[in-house]
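The chain contents come next:
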Amino acid sequence: MLDLHAVTAGYDRRAPVFRDASLTLAPGESVGLLGPSGCGKSTLARVAALLHRPDSGRLTLDGEEVRGWRHRAPRRLRTAVGVVFQQPRLSADPRLTLHDLIAEPLRATGRRTEAPDRVAELAAAVGLTGDLLTRRPHEVSDGQLQRACLARALVLRPRWLVCDEMTAMLDASTTAALVAAVEEYRTAHGAGLLAVGHDRVLLERWCDRTLEWTDCAKPAA
Amino acid sequence: MTPATTVPPSATPVLSVRDLSVRFRMRGGRHIAAVTGASFDLAAGQCLALVGESGCGKSVLASALLGLLPGNAQTAGTALLHGEAAADDAVDLLTASERTLARTVRGRRIGLVPQSPAAHLTPVRTVRGQLAETLRELNRTPRSALPAAVRAAADRAAFPAELLDRYPHELSGGLAQRAATALALVGGAPLLLADEPTTGLDRDLVDRTADELRRHADDGRALLMITHDLAAAQRIADRVAVMYAGRIVELTDAAGFFGTPGPRHPYARGLLAALPERDFRPIPGLPPELGDLPGGCAFAPRCPRATDRCASAPVLADGVACHHAEEPVRA
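Residue numbers (the working numbering), protein chains in the order written: chain A, 5 to 225; chain B, 192 to 522.
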């Protein structure tokens, strides 16, 4: 269970971006959250991914209430959630090759020895081939880099995936390929998915159910 | 049915591109073939959507038309920009001097609606300041007439007059897009070039931005929209050019392309089928590297219909460049 209860969050305590957002995902369930730009859905996605401490409210992951955020979150919770952001250029270290980018979570959790096998397996799953893995982000296209960012999110086998506008920058074919890779992973590992976006057609096709932003949160007063 | 590469006789093309190629010279004598043999016409009042995956050469083509390619680029072919009257001399955008492009073409004969307006606008000046400067520069608007001209220019792109004193960072994505469009329209350019005008906008804003661009085409401008957003293209385009690995592989009427009979090139069919409202199935594989293109058809390695014939590159004939294209429907 991923349970957000009455979450109020923002970047200034006096002026939160949204109030009282509640959302529950069953294990293995995929939920699409639809909202216009600027409504705060990305902030909610950051809370769900343990990357942003809410002003108030609770996040419970598989029965355990989250009390620390970002680096203060215990590793077993942090690694239970994989996250993919909208802009691959801003979420990839330009100094790393795609291979090292995908392996980074393994390195950070002291599991470096698993890297060769795991990276090869995931590269195939997201459709990255050949010498692409030896290149750095400036040498690949947005679509190829986003494929690597998805592989990075899956490398620790998370039970939950948060995709924040994962395909907004991409063409139709790359979008379909990335969604197929996510669904293949979810089928194999039973992971739950929170997909945040504004493309109704895409989210309704992709997810078990979709929610309107206005139905799960109140705008800031 | 008229061949897709010609325009109706009533309309003289504003832009005629013939065999446009762009090569980048790289270190070690390597070359990157970003655009190869692109040809199309674009008439006033018409919208041509150039669609394709990222990295297929769309934006390089736009830069070539504006003379904004980097120094290591080599161009071939012609891109004639015709004047309003038949007597006006056509300018070849590929060979014109920087002086000609800067003083008579950019802003005056081609308006650019940029990909990311937030990066295109000057961050330290208000929208009013930027519109006023552009009006003075392009139209020599006298100081006394500036306030009214600024409001009129903002109004043309539906930019709210009460927000004119805002700085770019105080604008939402949609409003910044309108401010950039207002700047592109100031010079009254007969050709509008929109490079990914809807990237990063949500669906409602995409529709609104696309509709506004369409309105400017209906006002008698020619509109070249470069996009990977097929929904936006479907919404406003009269014709569609599909680009793959630097080549235009299909050039056809938008209605037939998005409706029946549908696209004829296997790549275009795959691209449309990948849409979530259709099959939602990706084209297998990745686009080829532009520095290392296969000898024959560049799509053959990913193509379900590929045969030995695909070892020779197909030419664009009757609107499609493929040895195994869907048969055209003969009425």
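It should be emphasised that the hints constitute simulated quantities derived from the structure, not laboratory data.
Take these hints with a grain of salt, some might be off.
Here are a few chain A residues that sit away from chain B, every Cβ distance over 12 Å (derived from the structure) [to be verified]:
1. L27
2. G67
3. R209
Residues on chain A that point at chain B, a partial pick, calculated with CB under 7 Å [said to hold, decoys possible]:
4. L81
5. A84
6. G147
One side only, chain B facing chain A, incomplete, derived with CB under 7 Å [stated by the list, open to error]:
7. R290
8. L292
9. A293
10. V296
11. D393
12. D398
13. L421
14. Q425
15. R426
16. L466
17. E468
Quantities reported herein were computed from a predicted structural model and do not represent experimental measurements.
Glycine is no exception: its CB is placed at the ideal position from the N, C-alpha and C atoms.
Hold the hint about A293 of chain B up to the distance rule: shortest CB distance to chain A must be less than 7 Å.
Since the shortest Cβ distance to chain A is 29 Å, the answer is violated.
Does the closest beta carbon of chain A sit nearer than 7 Å to the beta carbon of L421 of chain B?
holds, 6 Å
Interface hint check: G147 of chain A, Cβ to nearest Cβ on chain B, cutoff 7 Å. Holds or violated?
holds, 6 Å
Interface hint for L81 of chain A, Cβ within 7 Å of any Cβ on chain B
violated, 31 Å
Hint check, L466 of chain B versus chain A [nearest Cβ-Cβ separation less than 7 Å]:
Hint holds; L466 of chain B Cβ to chain A Cβ min 5 Å, cut 7 Å.
Hey, does the A84 of chain A contact hint survive, CB to chain B under 7 Å?
Given a least distance of 28 Å, the restraint on A84 of chain A is violated.
Given a cut of 7 Å on the nearest C-beta pair, is the interface hint for E468 of chain B held or broken against chain A?
holds, 5 Å
Holds or violated: the hint that D398 of chain B contacts chain A, with Cβ atoms closer than 7 Å.
Violated - the Cβ of D398 of chain B stays beyond 7 Å from chain A, reaching only about 12 Å at its closest.
Given hint Q425 of chain B near chain A, where the shortest CB pair must fall under 7 Å
Since the shortest Cβ distance to chain A is 12 Å, the answer is violated.
Let's test the interface hint: is any C-beta of chain A closer than 7 Å to that of L292 of chain B?
violated, 28 Å
Decide, holds or violated, for the assertion that all CB atoms of chain B are farther than 12 Å from the CB of L27 of chain A.
Non-interface label on L27 of chain A holds, nearest chain B Cβ at 20 Å vs cutoff 12 Å.
Tell me if R290 of chain B is really an interface residue toward chain A, meaning its C-beta lies closer than 7 Å to one of theirs.
violated, 33 Å
Against the hints set out earlier in the document, violations occur for numbers 3, 4, 5, 7, 8, 9, 10, 12, 14 and 15.
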